[in-house]
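Visitor: Chain residues, written in single-letter form:
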Amino acid sequence: GAGVSQSPRYKVAKRGQDVALRCDPISGHVSLFWYQQALGQGPEFLTYFQNEAQLDKSGLPSDRFFAERPEGSVSTLKIQRTQQEDSAVYLCASSLEVRPVANTEAFFGQGTRLTVV
Amino acid sequence: AQSVAQPEDQVNVAEGNPLTVKCTYSVSGNPYLFWYVQYPNRGLQFLLKYITGDNLVKGSYGFEAEFNKSQTSFHLKKPSALVSDSALYFCAVRDPYGNNRLAFGKGNQVVVIP
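These protein sequence lines map, in sequence, to chains A and B. Numbering-wise (our numbering), the first sequence opens with residue 2 and increments by one. Numbering-wise (our numbering), the second sequence opens with residue 260 and increments by one.
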């Protein structure tokens, strides 16, 4: 596609419910990132994929958060037993480069706004 | 760890006046610096980046940024602000030793007054 696509745009979940957020990166982009943006804050890194390999998951806040990218394209961020503090915008970004090259920009999707009630 | 700081919460500027959004950075090694803009209910849009070379970087929508190594700053500028520039602006630094993740500042709300 022309850009990074995320779905759903909005998700309301009851506390304790499991949710799955989808990201379609730009075709051919090797790197894929997930970020969490709380209200009034800058995005915070969650996890990184290079193709299908999850190379860094150090930003995932708890073991309730799980991400996958099984075929090296579409990625899913899953949150189990959602809690109110999980309410945030979840942003996906993709970029063409691989390590160690760091000079290409990341392209972001519009995000999924998760509200846990 | 790589980090950036955006000291101001909100920047108010009259339409037609110069706009400056401040950013300072802290890195080990060479800095890879970015500016993104976020409009309401939209994702982050890339504006410009500094990797190496000229200290004055030109980007999208008439924005530019000046890299200053001695002051560890990367301020975003626009000579003449438009009402449509009202948005949230984020400075970010890429961590080449951390899988190229971006570390963002807290953001600055820019309000351009007609």
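Any given hint might turn out to be false.
Calculated cross-link-like contacts (lysine to any residue; reagent style SDA-like; alpha-carbon spacing at most 20 Å) [as the list claims (entries may be wrong)]:
id : chain 1 : residue 1 : chain 2 : residue 2
1  : B       : K308      : A       : H30
2  : B       : K336      : B       : P355
3  : A       : K12       : B       : D313
4  : B       : K365      : A       : Q51
5  : A       : K15       : A       : P71
6  : A       : K58       : B       : Y356
7  : B       : K317      : B       : H334
Just so you know, the hints here were simulated from the structure itself, not pulled from any lab data.
Visitor: Confirm or reject each hint.
Guide: Checked hints:
Annotation: proposed proximity of K308/B to H30/A holds, straight-line Cα distance about 19 Å (limit 20 Å). Straight-line distance between C-alpha atoms of K336/B and P355/B comes to about 26 Å, which puts the hinted pair past the 20 Å bound. With a C-alpha separation of about 44 Å, the suggested pairing of K12/A with D313/B is violated against the 20 Å cut-off. The straight-line distance between the Cα atoms of K365/B and Q51/A is roughly 27 Å, outside the 20 Å bound, and the hint therefore fails.
Taking the CA atoms of K15/A and P71/A, the gap is about 28 Å. The hint is violated against a cut of 20 Å. Between K58/A and Y356/B, the direct Cα distance comes to roughly 14 Å. Compliance with the 20 Å bound is thereby established for this hinted pair. Simply put, K317/B and H334/B have alpha-carbon atoms about 12 Å apart, close enough for the 20 Å limit, and the pair holds.
When each numbered hint is compared with the structure, violations occur for hints 2, 3, 4, 5.
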